[in-house]
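S.K.: Each chain is listed here by its residues.
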Amino acid sequence: MAYDNQPGAISRRSMLRAGLLGATLLGSGVPLLSACGSGDQGSGDAKELVFWNFYGPNPDGNAQSKWFEDLAAKWNANNDVKIKLHYLPVSEYLGGTALQTAFSSGAGPDIFIISPGDFLRYYNGGVLTDLTPHLGAGAKDDFVDGVLDTRTVEGKVFGLPMEIEPLAMYYSTDAFEKAGLSEGDLPKTWDQLLDVGRKLTDDKRFGLLFETAPGYYQNFTWYPFMWQGGAAAVGPDGKSGFNSDAVHKALGLWGDAVKNGIAPKKTQGDGGGNAVANLASGFCAMQQTGIWSVSQLETDAKDFRYGVFPLPTPTGGTYTTDMGGWAFCANAKGGNPQAAAKFIAWALGSTDAEGVERMRQWNTVVKTNMPSRKSVKEAATKAGAFEKPALKTFMEQVVPGGRAEPRYTPEVYKAISDAIQATMLGGAVPATAAADAAGKIDAFLSGYKGAAIL
Amino acid sequence: MTVVQRPQPGRTSRPGLPPRPAAAPRGRISTGAAGARRRKEALAAYAFIAPDLLGLLVFVVLPMVLALGVSLYEVDGFGGYTFVGLDNFRLLGSDDQFWQSVKVTATYTVAFVPLCFLAGLGLALLVRDHFPGVGAVRTALFAPHVISLIVVGVVWQFLLVDKQGAVPGLLRPLGGGDVSFLGDPELARWTLVGVSVWFLMGYQMLIFLGGLKDIPSEFTDAAMIDGAGSWQRFRHITWPLLKPTSFFVAVNSTIGAVTGLQAYDLVFALTKGGPAGRTTTVVYYIYQQAFTFNHYGYAAALTTAVVAFLVLATGLMFAATRGGRFHVD
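The listed protein sequences derive, respectively, from chains A and B. The first sequence: position 385 = 385 (the numbering used here), numbered continuously. The second sequence: position 244 = 244 (the numbering used here), numbered continuously.
Isolated chain A, as found in the complex (with noise of 0.2 Å):
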């Protein structure tokens, strides 16, 4: 029985009719969307303040949660103001859309935490506020020389970091001493690390492993090898300096260890970042990663036994590394930006007694970091924080000559990222990949018009 024919019943053209007609309706709500979205600086006096996170209040209830806890609840005792944390897992605050669709929404978080490679996205937008006025007299100079110019616009503060997070390169005792190796052998050169990676390569382990997959943290653990050559994504001129020698070897070192087997094309378990997954696993015997893998092996990995190198150098080149961290921020548009700069200034940057010890607990009890402020690196120093192997050689030997992670845009990283994964992964020529990167940067370049990149 066909209905459309007869009056009354559902024709296709009246559903049509009725289709358009609200479709018309909705796309004239687009102007309301942006008059939505478009909050002014925010001015409000709000009593609760969200602070977004990727620690706590976690489920499993962790050292590190307790820590995020107990901060919110000592300021919440002392003030008026309140702290609401809210949890988010660290896959979806890395690389889910959970921030991002806040902030477009306009209804981001009061607090929350960044890295470097994301702050020139935030400054830009607009949504970060001034730390500056609510930091105690010294509290700035406490910070470690050069920690605070990512975070820092025009002599203004916009993010206190909470640690400082070095790259090394970690290798597996048990592999070196089954290839015939001894810490004698530890690679100081490029040539000598894939050298000793190819010795320590068989059927079921890779000798040398880093980052495969396209993203922030690829292009972070990539940087240093650039710098080791003395290039820099952007120059001080203002310009590109992709395409030259030192980031042509950089990407070629790279390309090399994959090329020859010595490296792996897809790294195990969430990526390089994880030493448990890959290294105590033994899928590799050296990989790159960062002082944050300390306390993963120490968690998770406790008889596994390990050593830790500063990153090789090229023939003729200086030794850096990069030196990652997060750092909280106040939302410029959430519900009271002044207070919740006081909360960071409070948390991260108290010269007291309290708090020096509430970040010597932070950085080296409940995690393994490089602390941000020199008081409290000395407090954790006395206390005997970096006694441990691991730990002493990070002191003593990687952090000396590091340089912060670099805050380029989102378009700058992509072209860096494009670049790394043609070479690495795709079997393009070094020098092509990053003439192709440079042109993209610069054009990108020439009419980019926020903050410093550095």
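Think of the hints as simulated: they come from the structure by calculation, not from any bench. Just so you know, even glycine gets a beta-carbon here, dropped at the ideal spot from N, CA and C. Be aware that a few hints might be false.
Facing chain A, a subset of chain B residues (Cβ under 7 Å, in silico) [said to hold, decoys possible]:
#	residue
1	Gln164
2	Leu182
3	Pro185
4	Gly211
5	Phe291
With a Cα cut of at most 27 Å, we get these calculated BS3-like pairs of lysine-lysine [said to hold, decoys possible]:
#	chain 1	residue 1	chain 2	residue 2
6	A	Lys66	A	Lys84
7	B	Lys243	A	Lys259
8	A	Lys440	B	Lys243
To spell it out: a stretch of chain B is covered by chain A in this simulated footprint if at least three of its residues, at any positions, have a beta carbon under 8 Å from a beta carbon of chain A; those stretches are [what the hints assert, rightly or not]:
#	segment
9	71-82
10	166-178
11	276-285
12	292-305
We have chain A; now place chain B onto it with these hints.
M.R.: Below, chain B without anything else, positioned relative to chain A:
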């Protein structure tokens, strides 16, 4: 036959006006009663489709229309909207990486749709007839589809991981121990196709099974009596009568290949668009534009273009098959 003429409310002649001609009688029931019944039926029909229609409006039509609206703006992701007209659509034409992602999606679709179709149909034919444990076999074949794609991605990562995965381990005696299923640029896209087929073939099997069950057994019984072999029965009875189902599976798979969950979730879990962009599908590229670069306006323009293409492609498929009315042949 005598037709009872009942007074029709609101339809009586007014004084001074010529009498209205009576509506042509239909059957034994007066037109007034028939109209009321049709209105009731229409109301019931609207009530039945309302929940689905509401879902479609909120989760499909509304985002599509808003995407079209947003595509006309430059959106910075922090509440700033600047009207740019069709600039985002113009940019699309010169964006090499977008066209590279189109190429990836096209390759994926061309490989995935026929493979998934054949696997679904083949499995449906295998489990069509009753045999001991057929229910368990059907359940097992459908089981992958009920798992989250992220979990599917993680499981396959473990199975395929370089050197130590179960699959490279099986291939080692054959000299394939160093094959990198997810790290080799050429192989990774085929791995994506393979895992997608594994995930969706049970679902397509279920659709085909429904189609096969609708074919009256008298047709095949008669053919068997006439001496037709299994291939002849499939070719001359099953295949022609299965055309509407095949059409649905083909359209459904094509749309799924371009915009389905496997085009984003699986890519995110398995390769994050790598190696070297070889698995960056259109949907994944749109995600990057929106959430990595904060280019929401451009991402909306790309979304609108993809939806327009799919509507056009589906429209052509419907036109070529007269709306899937194969039984008219």
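S.K.: Does each hint hold? Answer for all of them.
M.R.: Each hint, compared with the structure:
1. Gln164: holds (6 Å)
2. Leu182: Cβ of Leu182/B sits 5 Å from chain A, so the hint holds.
3. Pro185: With Cβ-Cβ at 5 Å, under 7 Å, it holds.
4. Gly211: Since the shortest Cβ distance to chain A is 23 Å, the answer is violated.
5. Phe291: holds (5 Å)
6. Lys66/A - Lys84/A: Holds: Lys66/A and Lys84/A sit about 14 Å apart, inside 27 Å.
7. Lys243/B - Lys259/A: violated (49 Å)
8. Lys440/A - Lys243/B: violated (50 Å)
9. 71-82: Holds: 9 residues of the segment 71-82 of chain B have a Cβ under 8 Å from chain A.
10. 166-178: Coverage by chain A holds here, the residue count being 3 at a Cβ distance below 8 Å.
11. 276-285: holds (count 3)
12. 292-305: n = 4 at 8 Å, threshold three: holds.
In the structure shown, a violation is registered for the earlier hints numbered 4, 7 and 8, in ascending order.
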